[in-house]
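2 protein chains.
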Amino acid sequence: MSATRPRYAIGLDFGTESARALLVNVADGAIAATAVSQYAHGVMDRALPDGTPLGHEWALQHPQDYLDSLAEAVRAVACEAGAKAEDVVGIGVDFTSCTILPTDADNVPLCLHDRFRKAPNAWVKLWKHHAAQPQADRMTELAVARKEGWLRVYGYRLSSEWLIPKTLQIVEESPEVYDAAAHVIEAGDWVVQQLVGRHGATAPRSACNAGYKACYVKSEGGYPSKEFLRALHPALETLVETRLAGAILPPGARAGGLTAEWARRLNLRPGTPVGVEIIDAHAAVPGCGVSAPHEMVMVMGTSTCHMMNSRERAFVPGVAGVIEDGILPGLYGYEAGQACVGDHFAWHVRQGLPDDYRKEAEARGLNAHQLLTEKAARQRPGQHGLVALDWWNGNRSTLMDANLTGLMLGFTLATRPEDIYRALIEATAYGTRVIIEAFEGDGVRVDGLVACGGLAARNEMLMQVYADVLARPIRVAAAEHTSALGAAILGAVAAGADGGWRDVGEAAERMVSPPTRTFRPIAEHAAVYDRLYAEYAALHDHFGRGGNDVMKRLKAIRAEAAGNQQPAENAE
Amino acid sequence: MSATRPRYAIGLDFGTESARALLVNVADGAIAATAVSQYAHGVMDRALPDGTPLGHEWALQHPQDYLDSLAEAVRAVACEAGAKAEDVVGIGVDFTSCTILPTDADNVPLCLHDRFRKAPNAWVKLWKHHAAQPQADRMTELAVARKEGWLRVYGYRLSSEWLIPKTLQIVEESPEVYDAAAHVIEAGDWVVQQLVGRHGATAPRSACNAGYKACYVKSEGGYPSKEFLRALHPALETLVETRLAGAILPPGARAGGLTAEWARRLNLRPGTPVGVEIIDAHAAVPGCGVSAPHEMVMVMGTSTCHMMNSRERAFVPGVAGVIEDGILPGLYGYEAGQACVGDHFAWHVRQGLPDDYRKEAEARGLNAHQLLTEKAARQRPGQHGLVALDWWNGNRSTLMDANLTGLMLGFTLATRPEDIYRALIEATAYGTRVIIEAFEGDGVRVDGLVACGGLAARNEMLMQVYADVLARPIRVAAAEHTSALGAAILGAVAAGADGGWRDVGEAAERMVSPPTRTFRPIAEHAAVYDRLYAEYAALHDHFGRGGNDVMKRLKAIRAEAAGNQQPAENAE
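Listed in order, the protein sequences are those of chains D and R. Here our numbering is used: position 493 in the first sequence is 1231, and no number is missing along the way. Here our numbering is used: position 169 in the second sequence is 907, and no number is missing along the way.
Heads up, a few of these hints could be off.
If several chains are the same, the list does not tell them apart, and a pair holds so long as it fits within one copy or across any two.
Derived pair list, reagent style DSSO-like, types lysine-lysine, alpha-carbon separation capped at 30 Å [said to hold, decoys possible]:
1. Lys1290 x Lys956
2. Lys1113 x Lys964
3. Lys1113 x Lys856
4. Lys1113 x Lys1293
5. Lys1290 x Lys1113
6. Lys1113 x Lys1097
7. Lys866 x Lys1293
8. Lys1293 x Lys822
9. Lys1290 x Lys1097
10. Lys856 x Lys866
11. Lys1290 x Lys822
12. Lys1097 x Lys885
13. Lys1290 x Lys964
14. Lys885 x Lys866
15. Lys866 x Lys1097
16. Lys1097 x Lys822
17. Lys866 x Lys822
18. Lys956 x Lys1293
19. Lys822 x Lys964
To be clear, the hints were calculated from the coordinates, so they are not data collected in a lab.
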């Protein structure tokens, strides 16, 4: 490595549809190049590549896509920046999660075996594969019945997205696949193991994945007990010592060095340090430059993830996980979430626009979001007279109830589309306030807020509403791709003394630019929003905590109706 | 009158924007001709004809328009049908209400005096003039405080649309107009008095107007007492004996014969019998062929009026009036209403349509209502998962609360415009069920339902939903213009032995065709709607009866917000 040449870290960000590579200058965080490579098979939710049909709520991926896309994206950024192999000091990886696959004794995905090519359970189950809901429900019931100590870490409810329910689905539906599986592994860990040529009991697995998605709780002795797993299904008794075996390490710890073969494929040095993987949302924490406790990072897009570190562990009801080393080494990482944020606004604009709005948008070259935002921004808090419960896709934190549905009230004949648009934005802000108040109500203080993601970058009106509703300043992260930058930071930390940085704090300080904007609450607005939030909170509790379970009953009636035949007319 | 020539009755239907004349064969109800004449000045809600500006919520009309339009429409139908003067045996009139004007000792409108031409309070106050709300509120308070016996007849709340609040507005704002007024009179009564050349203490006024709009309760001694009126305002003490003096007669009683001057102007016989006027909605009862007690008529349009006769008087909470002789002589007429029915669906389509819906509607030559109706008709009850409170314009019956607002819940990301459309239709059906249950809960049984109005005539899907929700058959009136036909029936009854009919029962039997269609409940649907109605009823009571007054607080916050300045953004 020449002293006069730049030092780069590569951040690899594996999303739902594609992988992104970010080539970042380790000294100052400057982005030298970025490239995206779409997965050849994308999300398979109807059929396998050979046409084998998939069931309702299935979502699979092809593991070869990850390797092909990462190779394409890495070569592209190196080429674009004119980077030499020796300029790259480390590689970090973030990945969607829980995205798992079964592999053989050589860590080869079972779905690549001829024998299992037509077996859906042999393929990668993507995070949004929701077909393991019955398994998740049974697991929750069993854990409640057995009073499992680790259950409180997850707010007393387990998600169908997580590793053990997905694995149980394999066991129950395709025992031959489970029998043939030497490993069941997160795709992010599998990619890192490929890059560094390791697998098995001593190979690295991310504490982030294990903690947030596989019920691994360090203070409770790790994964759920043999007894619990056997009670769940006899075949699972040995799950931990066999198929989950590995070394649980914090993200950014050095997982190993790049293999010769991968070095050749990527035009990088053999032995280039690769960091332990992190979940994509969690990567935004270093990507926003946050390494201190009690700074909450909000990744705001179609949904919102709230992440924060603390030296103390507390059990906040409805927080999806409190994981030691989960985000940063030596700290408890808290994760909460809103299942539906930007999706609300997208739903609303899909309902259409009045003709005069449509013409105005066309004439002015605006999309529907821009036009409605502009009109909504002219309003004063409370002026539209509406309040909504932001549950179009259920409630993740703090109620953890997917069977809740959206509500809006205050409609009059004068209610316009921009009123509804603003009310939906405000409702998601109230939902965030419920989460922050839940943290603080359990003694976990929130000292600062940093926002990133598409909504934070694009919608100033929304950010001002959030600042006013939360009555706190919100800093907006400078980086466009905070998760990929976070991964690059973990790559620099994995490099450590070999041209990188000592820890995430040091790396973030050097590699992350300060927030570009801070939205500060306007006192007059915050006062009105305090009153409106009280209305939201009363409705939230009434409909969310059993005062009136109408939403669940409507869902049940709806499911019944879906089973009946066509309606008739009965007139003479 | 030649035995071989047809006998006709003329129905005059005075609406908000125009007058309609219907020339009807008395023998069999065949419509010989119909004509509409728009009022030259329409609704004046911004300025008087000379440009004098009007305040917020004012709505006035020009009295000369009524006379000009009736003359034009009557001559048109007679000409079209080739009717001779002697063929017309009687004239009936229905009119919007409460629509009042002050007149001089000769019954000339004060607004036609040069002196008062610029005085807004001298003009006709149309039914939807809502500027007398403060007066209505004070009158209600006073009546409650004094425990006035007549208050229960009106469900314990008075409307700003009614005669005494509107008159009090004249007194308070323009005492000189009130001083100059010899009469304060409903426009419908005024038109009838013009046609028959009578006015003053012995001239006919409609028991329908007096009872439903002027607090005239026969069993309580007529109008409110001198003491009450004096307490309301000293100038009103003599209101009843002076400006309201007249003979209160049931609709269809003979008010008199056509004057020579009007006979000339209309090309009719002098002395042609003219019936006592009826409110337009109430005219639909005879117009639907209903003369028996316990048959409810629903006039379904932008709003819905529910009318029914009974031999007994009961006080049904939230029913806007229970008036002896109010609709038919010798019976108690009950009136209830939903302030917003078709207006909900119009509101929804004003919000726009998704692009693919818009293109489909254009390609198939459908309007938005037709397209959404077609899509919604394919659904099974409960399939959309939504429930709404139909309070976009407050709630008239049975809560009588204009400060309630609309609610919808059950939204998911899959909710489509036709789901919302159907949910709004269902909500208005649930609202009707609340009214019918209120009647029956107080011992006033509802034996049958007849629907008329634009929605009943045009939307089969809606009618089937109503039949299923109400779990009762609904007959749809055959006539297109039921109010005008009802007025013609009252004209035939006014003629009586002189070529008409003895009473409304006889006239309706001969002149109204049987309902064209009957929508019958589908048992399977009705069972699902019973469950959904239970959800509606629980929400109705929670938000409508004080469980959570959020709607009122939001309205208050909204009113405050309207007073503040523009919002700011507070970002660096």
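These are the hints, each one checked on the structure:
1. For the homomeric pair Lys1290 and Lys956, neither the shortest alpha-carbon distance inside one copy (36 Å) nor that between copies (51 Å) is at most 30 Å.
2. Taking the closest pair of Cα atoms, Lys1113 and Lys964 never come within 30 Å of each other, the shortest separation being 58 Å inside a single copy and 54 Å across copies.
3. Taking the shortest Cα distances, Lys1113 and Lys856 never come within 30 Å of each other, neither inside one copy (52 Å) nor across copies (39 Å).
4. Taking the closest pair of Cα atoms, Lys1113 and Lys1293 come within 30 Å of each other only across two copies (21 Å); inside a single copy the shortest separation is 34 Å, beyond that limit.
5. Taking CA atoms no more than 30 Å apart as the test, Lys1290 paired with Lys1113 passes between copies only; the shortest distance there is 25 Å, against 35 Å inside one copy.
6. Taking the shortest Cα distances, Lys1113 and Lys1097 sit within 30 Å of each other both inside one copy (15 Å) and across copies (26 Å).
7. Taking identical chains as interchangeable, the C-alpha atoms of Lys866 and Lys1293 lie at most 30 Å apart only when both belong to the same chain, with a minimum of 21 Å there against 41 Å between chains.
8. In this assembly of identical chains, Lys1293 and Lys822 lie within 30 Å of each other by CA distance neither inside one copy nor across copies; the values are 58 Å within and 65 Å between.
9. Taking CA atoms no more than 30 Å apart as the test, Lys1290 paired with Lys1097 passes in neither setting, with 40 Å inside one copy and 35 Å between copies.
10. Taking the shortest alpha-carbon separations for Lys856 and Lys866, only the intra-copy value of 21 Å comes in at or below 30 Å, while the best inter-copy value is 70 Å.
11. Within a single copy, Lys1290 and Lys822 get their C-alpha atoms no closer than 59 Å, and across copies no closer than 68 Å, so neither meets the 30 Å cut-off.
12. Taking identical chains as interchangeable, the C-alpha atoms of Lys1097 and Lys885 are never at most 30 Å apart, the minima being 60 Å within one chain and 57 Å between chains.
13. Taking identical chains as interchangeable, the C-alpha atoms of Lys1290 and Lys964 are never at most 30 Å apart, the minima being 35 Å within one chain and 57 Å between chains.
14. Proximity of Lys885 and Lys866 under a CA criterion of 30 Å is satisfied intra-copy only: 28 Å inside one chain copy versus 65 Å between copies.
15. For the identical chains of this complex, Lys866 and Lys1097 are neighbours neither inside a copy (37 Å) nor across copies (33 Å), given an alpha-carbon limit of 30 Å.
16. In this assembly of identical chains, the alpha carbons of Lys1097 and Lys822 never lie at most 30 Å apart, being 52 Å within a copy and 55 Å across copies at closest.
17. Taking the shortest alpha-carbon separations for Lys866 and Lys822, neither the intra-copy value of 38 Å nor the inter-copy value of 80 Å comes in at or below 30 Å.
18. Taking identical chains as interchangeable, the C-alpha atoms of Lys956 and Lys1293 are never at most 30 Å apart, the minima being 38 Å within one chain and 52 Å between chains.
19. Proximity of Lys822 to Lys964 under the C-alpha cut-off of 30 Å is found in neither arrangement, the shortest distances being 49 Å within a copy and 102 Å between copies.
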